[in-house]
Amino acid sequence: MENTEIKLEAVHKSYYLANGEEIPVLKGIDLEIKKGEFVAIMGESGGGKTTLLNIIGCLHPLSEGKYFLEGENIGEVRDDFTLAFIRNKKMGFIFQQFNLFSRLTALKNIALPAIYAGIDKDEREARAMALLKSVGMEDRAHHKPTELSGGQQQRVAIARALINDPEIILADEPTGALDSKSGLAIMDIFSGFKKENKTVAMVTHTAEVAKYADRIIYLRDGKVIDNDYKLTSAY
Amino acid sequence: MAFEALLGNKLRAALSMLGIIIGVTTVIAVFAVGQGAQNAVNAQFQNLSANSIIIMGMFGRGATQSSKLTTADARAIMEKAEHVKSAAGSIMGNLSASYGSESGSYSVIGADANYFSISNLKLGSGRFFEEADVDSKAMAAVIGSDVVAALFPDGGNPVGSTITVGGKRLEVIGTIEEVGSNIGRMSPDEAIIVPDTTAQKSLLGDRGQVMINAQSDTVDNITIATEEITAILRAEHKLKVGAEDDFRIMDAGSMIGAAQSAATLMTVLLTAIAAITLLVSGIGIMNVMFVTVAERTKEIGIAKAIGGKRADILGQFLLESVAMSMIGGLIGIILGHGIIYLVNQVESLSSIITLAPSVLGVSIGFGFSVLVGVTFGFYPALKASRLDPVDALRSE
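One line per chain: the protein sequences are A and B, in this order. Just so you know, we're using the numbering used here here: the first sequence kicks off at 1 and counts up by one. Just so you know, we're using the numbering used here here: the second sequence kicks off at 1001 and counts up by one.
No lab work stands behind these hints: they were computed from the structure. Mixed in with the good hints, there may be bad ones.
Stated by the list, open to error - Straight-line alpha carbon distances no greater than 20 Å define the calculated SDA-like cross-link-like pairs of lysine to any residue that follow: (1) K1010/B x D79/A; (2) K1383/B x D79/A; (3) K1298/B x V77/A; (4) K1298/B x R103/A.
Same shape as in the complex, but just chain A:
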C-alpha cells in the first residue's frame, strides 16, 4: 500500500436542507489513487463528482467513512490548522471558474498560497515568476485577472496550485469554462504533471478531456460504478 496516495473507504456525504431533510450525495464511495497517477472522475450530473473532489481536497468534511491520505486517516480531522496545512502544502486546487482574486495581479495571485506557507517575499515572487514562465505567461505577470482571457486565467490558477509544490493536483472541470483550443492548451499542461510524479484527480464530463487520464473512475448516483472505465472507441 506504500504506493497509495489517496484511499477512500465507504465514504458517505449528505447535505441537510433547512427543514432538516437529509439529501444523501455520496452513498459509500470506495476508491484508491496511486502516487503519480492521473485519474479522471466522470459521471452524470448530480452524481456526486464535485462533492467527491471537494472531500478529497479537504474543502468539505465527510459524513461517514474513512479517508486515508498517504496512509493516514484524516476523515475525522476537523482542526482548521491541520486542514489548512493539507490544503496549502499537500494539494493544489484548480476550479472551473478560476477563482482568482480580481484585485491582485497574476503574480500576486500565484504567490498568495506561499504567503500562507510563510515563505518570504523574494523567494515566493521568484517561484511565482518561474511558474508563470512555465505556463507561458511571464509577460502578463502584472496584469489583473480581468485583463486576461479565460485560458490565461486558468493558467495563472494552475501556477497558483503549483506554488507550494504539492503532491496532489485536484481539478474541477478545469476546461469547463474555456473554448476547446484553450482547453487543449490547459490539458497539455496537465500532461506534464506526469513526469513530475504528481497525483492528479480531475472531474470532467468531457471524454475528450478524460482521455488524458491514466484511468477513469465513473460515478452514478453517489456510488463508484466503474473503477477503470473505458471510453468508447469514438474517441
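Since the structure of chain A is provided, determine the placement of chain B on it from the hints.
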C-alpha cells in the same frame, strides 16, 4: 497584502470610510460647540467672586414702576447690613465721548471708590478716584483700554487729558488694564468710570441705570446677607407689606448656577445630537460593510481553498478594517478641526461663541466610529471564516 486588497477596491473603502469620516467630524464639531459654550460661561464669571450680590433697579419689561434704586441705597446697605462686607453703587448709561477729532459711544459707569476693588479691576496708569472725589462730585474719569485705544489712537498717555462725555468735560485721572471679558453685560474695557455723584448730578441723571455690587462677609452668609439687603431696601423705599420689590437682587452662586445649568442643558442636547449622529453614521458604515459580505465571503472561500488558515484570513480582514477605520477616523479629526478653525474665522459667529476642540469629543467620535468600522468590517469575515470553504465559495 491587506493594504493591496484595500487599495484595490477604492469605492468600497471610500464608502465605508465616508461614514466614519462623517461620524468623527460631526462629533468633534458638536463637542467643540459645547466646550465653547462652557468656556464662554466660565469667562463671563471669572471676575465674579462667590460672595458677590448684585442689586439692580427694575427696568425694561416687567417694570411696573420707575425704579427708586439709587447709589445712596448702597451707602444705606453698607451702614445697616450686618453680614455685608462692602456695597458699592454704580449708575450706568451710554453716552458719547470725544477727544480731539476721535469720538464714540461708551458705557458710562458712576461708581464709588470701592468699585475698583470689588470688580477686581487693575490700574493701568494714573490713579483710581477716591472718597474725596466722590464727595466733591469731581469731574474725573477712569477709562477702559478700548476707550484709550479709540480716543487716543496715537498711543500717548491719556492721564491728565480732558475728554468730553455727554457734553461735559472730564479729566482722565487713570486707565484700567485690559480685562478681556465681561462683568454682567458690560465690558470694563469699553467703560468710562466716574464718581457716582458726578454721574447722577451732571452726566446721567435719571437716565442712568443703577446697580449695586455688594459682597457678603463670608460665602456661607450670602443668603442671610441677601435677606438683610432686601429688608433694608424695602424699608428705604417704604414698600408696604405685600408689595412687590422694586429692585432685583441676585447672588453670584445662583447666577453662576443658572448659567451653568443652561450650559449643562446645552451639553446634554449636544450629546444627544452627537449620539444620533454616531448612530446614523454607524448604520451607514454597517450597510456598506454588509453589502460587501457576499464578495468577501467568496474571497474567504478562495483563501481557505488555497490553504489560508482562519487566523491568516481573519488577521488580514482585521488589519484591513482597522486600517480603513483609522484612516477614516484621522481624516475625520482633521476635517473636524478644519471646521472649528473655519467657524472661528467668521467674525459674526466668533463674537457669540468660540468653538474649542475638546479631547472628549475627539476620543468619543474617533473611538466609537473606529469601533463600529472595525466591528462591522470584521464580523462578516469572522462569520464567513467559519463556513466550509465550499459553502463560502458558492456565495456570489
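Inset, instruction - Determine which of the earlier numbered hints do not hold for this structure and return their numbers in increasing order. - result: 1 and 3
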